[in-house]
Amino acid sequence: MTQAPVLKIDTLTKKFGSRTIIDGISMDVTPGEIVCLVGPSGTGKSTLLRCVNGLEDIQGGRIVFEDEPVRAHSKKIIDVRKRVGMIFQQFNLYPHLTARQNIVLAQVVVHGVDRRSATERADELLARVRLAHRADAYPARLSGGEQQRVAIARALATNPHMLMFDEPTSALDPETVGEVLAVMREIAEERRTMLVVTHEMRFAAEVGTRMVFMDQGKIVEEGVPRELLAQPRTERAQRFLQSIRH
Amino acid sequence: MNSFSFSLRAIVPYLGELQTAVLVTLAMSLATIGLSLAIGLVFAVLRQSRSAPLRWFATAYVEFFRNTPLLVILYFAYFMMPVIGLRMSPFQSGLVGMTLHFGAYMTEILRAGLIAVPHGQYEAGHSQGMTNFQILRHIVLPQVIRTIYAPLGNQLITIILGSSLTSAIAVNDIAAWMQTTGSDTFRYFETFLIAAIVYAVLCQVINLTRIYIGRALFPDNR
Amino acid sequence: MHETYGLLEYMPSVFRALGLTIWLSWLSLIIGAVGGLVLALMRTSGWRVLSVPALLYVEIFRSIPILIILFFFFYGAPLVLGINVSAFAAATAALSAHASALMTEVIRAGIESVGRGQWEAAQSSGMTYGQVMRHVVGPQSMQVILPPSVNIYIMILKESSIASIIGYVELTATGLLIREAHGGGFAILGIIAILYFIVCYAISLAGGALERRMKIAGSGLHMDGTR
Ligand SMILES: Nc1ncnc2c1ncn2[C@@H]1O[C@H](COP(=O)(O)OP(=O)(O)OP(=O)(O)O)[C@@H](O)[C@H]1O
Ligand SMILES: [Mg+2]
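Heads up: the protein sequence lines correspond to chains P, V and W, in order. Position one of the first sequence corresponds to residue 1 (the UniProt record's numbering), numbered consecutively onward. Position one of the second sequence corresponds to residue 1 (the UniProt record's numbering), numbered consecutively onward. Position one of the third sequence corresponds to residue 1 (the UniProt record's numbering), numbered consecutively onward.
Hint data in this document are derived by calculation from the structure and do not stem from the laboratory. Every residue, glycine too, gets a C-beta built ideally from N, C-alpha and C. Hints are not guaranteed to be accurate.
[Said to hold, decoys possible] Simulated restraints on C-beta separations:
(1) Q131/W <-> R9/V: 50 to 58 angstroms
(2) A72/P <-> E108/V: 26 to 34 angstroms
(3) K76/P <-> L86/V: 49 to 57 angstroms
(4) R202/P <-> M142/W: 50 to 58 angstroms
[To be verified] Among the chain P residues that face chain V by a calculated CB cut under 8 angstroms, a handful are:
(5) N53
(6) L55
(7) I78
(8) R81
(9) K82
(10) M86
(11) F88
(12) N92
(13) Y94
(14) H96
(15) A106
(16) V109
Based on the provided sequences and hints, a complete structural model is requested.
Right, here's the structure in full:
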């Protein structure tokens, strides 16, 4: 049974000035897939996610999310963003709002949910990421791991059809990485569609359904995470995996 | 030979006028802060503009008025109005001068407030499907208000103190009251003391109100 | 055409007046810096008998218009003290008083920017309070003190225009006199404003350059390149 893809990327090209950052990438994401995107720094992984969210305009190719073409600055882009949740490396919580208010805001102003149900949903999600006791805390009073869990709850609040994570644990202290990964595992078990940029290879091996290795704006190799990690076929992937193991 | 004696009795008949003068000072200061905030917002946005001439124009405005004395600007506005055919009261031309001068400082305060909102905040808003207006309204402005709240309070005090210079162009504020009452009664020392106390009390009241309201508005005291 | 020619005639006196403005503000800044140093040492002394009066001084001069201070020295002081005060002396006194209040806060911030470790290291090597200030804390705090001092100078220079109100003929008063002699108009005040701008802006550019140079020099404080 092959399902129609949620996300279709077709020979995407992205340039900053004359520098080509994404060089003709094609890839599909089907419902329930957990795609882990790995590769060296500066390869264009973040840029790829940002293109999918219409945060960057593109110079060639096509991105389609559930039949909706993704184009930055178009009116329709909001319809795409409403259906995609994004989690950033730097959390980007709203500092003037409490944890709960952070989760409520977009539900109310973007999705038109009434404030009471939005608050109930926020509390339910805070409990799920084990932060019910921190609901009234402002981001500045939360640890990095707590902030990232609030950010995940915020992204989940509007029931997105796909979640995108951009190195969600890279800005965290080693002690708090685990708590965020644990939450991500639980979300993965619900078979939600996820596109995850990460350097956490154990997580990728255990949770990912597919691994995509990118280098210099191109997809170099892809496959089942365990197999790709154990036996990379290309020399570039071998070198990269070698380097992050040490 | 030192025949000075302290006496407030001669001042008493002038206290009614002092009341009006306080209102004039307050009106001038509040109008200035409102108008300079509006001007400052326009120029702060212009300073971030993509167009180089607009940026240059806004920078020139800020630098010029930050580097000229308020008093000279007040005289300039006061003497210019009739020449260019505008009939304005001293209060009105004073307000023009005050607004031009303090608008430059306000531009810098607002700009600092806008710059302090990290890029990631806009991105988070966009990624959640918010429109530019929603981002401005729910994410950016609340944060800008937080950053500029304290400098804005200080600015109001600076404006009140600065408004005393409008007495030089015949605005009947507290400083003008002090001058006329001083020369009428020859009780300079006493009138100056009263004026000083009135200004100091105004400033301290504003300062404390700002702190008090600030605690209520921003309980996380970030 | 005629008007501009007329105004040109006055330029020598305008430039003389600009000289007086600069002299008045310099003098006030120097006196203010000395006063500010004394007050800042009082503020940071840790003795309430010294720090509270210094704090009061700063707060008072921050919440009273400079104009009142000026009038107090010019009209009030002669009555109380029975001496005659010239317009120049009154203006210098008022501007110095204001400058010293502003400098106090700047110098205090400078002193406090030097960490406890420096005090402990210097005192443990047997230095007295005066020696620590002079040889260790003073030089290090300069990086924090100098840039805002430039802004205070610009502020005092602009503020010196109020001396015109009590009849000291500096730049602003000269502009007003020329205006009257010239039969009204406002062009001369524009010229005066531009002169103030040129001087103040030049000083602020120089201050910016100074600040950048001090940052570079300051980064040399740590041999390993960390700050
Ligand atoms: N706004 C921009 N303007 C110009 N160049 C940019 C911009 N954003 C990113 N780049 C460049 O694009 C390249 C890819 O950046 P990107 O952030 O996508 O890499 P990445 O794979 O996410 O790396 P990392 O693992 O370090 O996060 C980098 O060389 C970066 O310098
Ligand atoms: Mg990245």
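Legend entry - Indices of hints not satisfied (ascending): none
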